[in-house]
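Engineer: Each chain, letter by letter, is given below.
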Amino acid sequence: MSTEPAFKLGVSLYSYTGDFGVVMDLEDCAEDIADLGATGIEILGEGHILGYPELSTAWIDGWHALVERLGLTPTLYGSWLDTRRHLDRSMTVEEGTAQLTLDIELASRLGFSFVRPKIGVVTGDLVPDPIWSEVVERNLDLAHDRNIVICPEIHWPTSIRSQAVDDYLALIERTGTTSFGLLIDTGVFQLSHHRRTEPGLRSQLGTGDIPAFPTPPVVPVNDLRDVMDQVVYFQAKFHEIDDQLVDRYIPWAEILDVVAESGYTGWLSSEYEGDRIPYRASDQLRRQHALIRTLAPSRVGALA
Amino acid sequence: MSTEPAFKLGVSLYSYTGDFGVVMDLEDCAEDIADLGATGIEILGEGHILGYPELSTAWIDGWHALVERLGLTPTLYGSWLDTRRHLDRSMTVEEGTAQLTLDIELASRLGFSFVRPKIGVVTGDLVPDPIWSEVVERNLDLAHDRNIVICPEIHWPTSIRSQAVDDYLALIERTGTTSFGLLIDTGVFQLSHHRRTEPGLRSQLGTGDIPAFPTPPVVPVNDLRDVMDQVVYFQAKFHEIDDQLVDRYIPWAEILDVVAESGYTGWLSSEYEGDRIPYRASDQLRRQHALIRTLAPSRVGALA
Amino acid sequence: MLEQAMIQAKGFRNAGSGEERTGFEVRIRSPYYRGTWTNLIDGVRVEVDGETFPSESIVWSIEGTDYTAGDLRDSETARWPLTAPATLRVPKPGGLSVGIHDVTVALSFRMSYIPVELQPQTWTASRKATIVR
Amino acid sequence: MLEQAMIQAKGFRNAGSGEERTGFEVRIRSPYYRGTWTNLIDGVRVEVDGETFPSESIVWSIEGTDYTAGDLRDSETARWPLTAPATLRVPKPGGLSVGIHDVTVALSFRMSYIPVELQPQTWTASRKATIVR
Ligand SMILES: [Mn+2]
Ligand SMILES: [Mn+2]
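Residue numbers (the working numbering), protein chains in the order written: chain D, 1 to 304; chain E, 1 to 304; chain C, 1 to 133; chain Z, 1 to 133.
Just so you know, these hints were derived from the structure itself, not from any lab. This structure is a prediction, so every number in the text was calculated from the model and none was measured. The C-beta atom is built at its ideal place from N, Cα and C for all residues, glycine as well. Hints may be right or wrong, so weigh each one.
Claimed, not checked - FRET-style restraints, in silico, Cβ to Cβ:
| no. | chain 1 | residue 1 | chain 2 | residue 2 | range |
| --- | --- | --- | --- | --- | --- |
| 1 | Z | G64 | D | D167 | 50 to 60 Å |
| 2 | E | F213 | D | P211 | 54 to 64 Å |
| 3 | D | P216 | E | G62 | 47 to 57 Å |
| 4 | D | P216 | E | R196 | 47 to 57 Å |
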């Protein structure tokens with residue numbers, strides 16, 4: 001029985017938000033990811049690419065040399081559809097299409113296989129701006145040509161049983177595309193909410209007069225089974241794994257059961273989103289990967 | 001009345017011990033020094049030179065380009081006479097001479113004007129290893145050729161009225177050299193001892209059974225007057241300047257009185273030696289320079 | 001590397017010289033986890049020792065280019081990269097005194113992916129920072 | 001850049017593979033403020049979960065070169081540069097289990113400029129560190 005799980009383990013550079021540009025640069029992060037035994041590297045286009053959106057040849061060459069040296073596979077490139085750039089109007093389909101095209105082209109040049117557009121919302125319960133479907137459809141041929149799968153992110157407090165997910169699935173149904181699928185952020189299944197601290201910073205949403213979000217009901221991991229066929233990528237969101245290697249927020253054993261049962265062989269890309277204390281991400285990522293590697297073989301074994 | 005003091009303000013990279021290689025590299029430190037308005041940069045040869053003692057041409061070129069870009073003058077190069085390298089014997093005069101020659105040559109190539117050999121001691125009250133005088137004398141011609149002044153450091157708990165200082169002054173007397181002089185570390189005048197903390201590290205001298213050092217009597221700043229003629233360099237050692245811009249450990253007003261009165265126009269090179277918490281040096285160095293700049297004009301003015 | 005604190009020790013200084021001090025500068029790094037188009041910046045407020053300097057009075061300098069609040073808002077292409085510190089130029093005749101000051105910066109972004117009722121997102125940082133000369 | 005902690009999270013791993021685990025490695029940065037000739041290193045002690053591994057059992061790797069305790073002592077030219085992390089290779093048949101361990105490293109130098117009665121100077125650091133696989 002192999003001790004390597006069937007799925008692949010990666011790490012998103014988002015995890016190093018408390019470190020990036022402060023105690024770690026891109027190379028430090030990539031080395032940390034390789035050192036902890038992961039093989040996939042995920043980035044945020046607007047976060048981690050020097051000079052975005054105008055990449056120098058030197059930067060591109062350096063990127064390819066870096067991931068090759070460390071044996072890392074570029075996995076997902078995070079992008080945004082910033083629908084609130086203008087105070088007086090929303091984003092047009094043309095603007096959104098151009099933004100997504102730009103990011104798909106950049107992702108392709110850097111060797112990525114997935115692009116996640118983070119889509120602006122139009123309601124209090126996070127319904128995505130209706131431009132999303134046409135923006136995506138206009139980019140499906142390009143994505144196909146570039147071997148890239150576009151995957152919107154299902155992110156807490158959006159749940160799996162939601163209008164947004166139904167609409168995403170409807171697009172696949174309608175177009176028959178293989179260049180679009182679901183990205184599940186495992187924070188969807190959080191058992192309780194982690195309140196993140198960040199040394200020296202206070203953060204506030206709006207005036208602070210209304211609660212940031214109502215506490216949504218806990219999403220049963222079982223709901224994941226219904227959509228596994230359309231899941232192309234996991235962001236393995238987590239917040240804190242304690243000194244006993246226990247995660248009190250994310251039910252990893254249950255999640256890995258569903259993942260193993262489905263035969264999923266794609267990426268689990270770690271997104272550390274706990275306290276943004278320098279060096280904490282490196283430590284917590286190792287804990288999470290130790291936990292997943294400890295749990296995964298027994299899950300796979302149970303199915304064999 | 002000018003607000004610039006007659007002496008020159010520099011910073012030793014030793015100040016950034018809690019940062020160097022961790023949150024700041026050589027370039028970051030140099031930029032910080034220039035940003036805070038100092039014009040001199042001091043280094044530790046064995047600390048801050050990449051590849052010591054074999055410097056690459058690229059490193060040397062980079063060094064000169066860096067200090068030129070920032071308008072910094074290389075001041076002092078710290079070196080060591082490590083008399084305890086061998087378990088079974090002390091350092092020979094030949095070994096010591098070769099070490100000091102090596103460092104003078106490196107210092108010269110990097111544009112420094114002063115070399116401080118930190119000399120091994122042979123007694124509990126810090127008498128320097130007797131090899132020092134011959135090691136220095138054998139290097140005086142080289143130092144003269146290279147426009148470098150060799151200056152042993154008078155460092156707490158050694159006081160100004162001490163055998164070591166008398167012996168150093170005797171060498172000047174005996175040889176008539178202008179390539180040797182005294183370096184005063186202002187920690188000599190400390191009013192009380194600062195106990196440094198360093199996050200995550202415990203440090204112990206020996207077995208811990210005997211006290212590290214007996215508390216010596218406070219050295220009167222007045223003693224400095226007696227040796228000012230032979231002082232070629234100050235390390236402006238300090239530990240903590242509080243939120244009211246007060247230093248409870250080092251009597252800056254008294255020290256600056258003596259310095260101003262003597263007409264000293266050399267360097268005061270800051271050595272922060274307080275708690276080794278990342279970023280604390282940058283903050284404390286600014287406080288110290290604000291304090292010195294606030295005190296200095298009135299001292300000079302008082303003499304005019 | 002940038003300093004961990006949003007308000008950097010480096011770059012806090014008077015502008016202009018001698019009797020002609022025209023204001024001061026404070027350098028910040030972005031508290032956000034990505035670089036942004038500048039028209040997502042909703043404003044910045046600087047406070048020193050209790051005196052508040054409003055967003056419209058402040059000129060940003062990012063990678064060598066100056067932007068008023070209006071410039072940030074109106075540009076279709078300008079960006080604030082994640083690892084590029086921004087210098088905020090704040091007018092204040094006479095500048096600040098040499099010594100230690102209490103500095104607060106509050107910085108707001110519009111987040112498209114969070115409900116509009118919860119906009120903008122504001123990060124606030126405070127520190128003691130020193131004017132050397 | 002190196003991590004702030006003397007014991008780095010990076011580089012803590014088992015040596016050898018599968019059933020053939022021969023020991024583990026732990027990476028440290030120097031707690032001293034300068035690089036040194038290696039013959040000033042007086043010894044290192046590693047502890048994991050209460051089990052002590054003595055200096056003479058440990059092989060150092062510095063910038064790609066391996067050194068036993070004797071090699072460190074006997075070399076006239078070898079150096080441990082300030083910003084070069086050292087990997088300590090510790091023999092332990094079977095290696096360490098996957099999970100979180102309590103790790104302590106005590107590192108001693110002989111300081112020539114401090115009285116011999118107060119030698120060596122020992123820095124001790126402890127942390128929890130994780131073996132991933
Ligand atoms: Mn996510
Ligand atoms: Mn000193």
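Engineer: Take the hints in turn and mark each one as holding or not.
Structural biologist: Tested hints:
no., hint, verdict
1, Z:G64 - D:D167: 50 to 60 Å, "55 Å, holds"
2, E:F213 - D:P211: 54 to 64 Å, "58 Å, holds"
3, D:P216 - E:G62: 47 to 57 Å, "55 Å, holds"
4, D:P216 - E:R196: 47 to 57 Å, "49 Å, holds"
Checked against the numbered hints given earlier, the structure satisfies every one of them.
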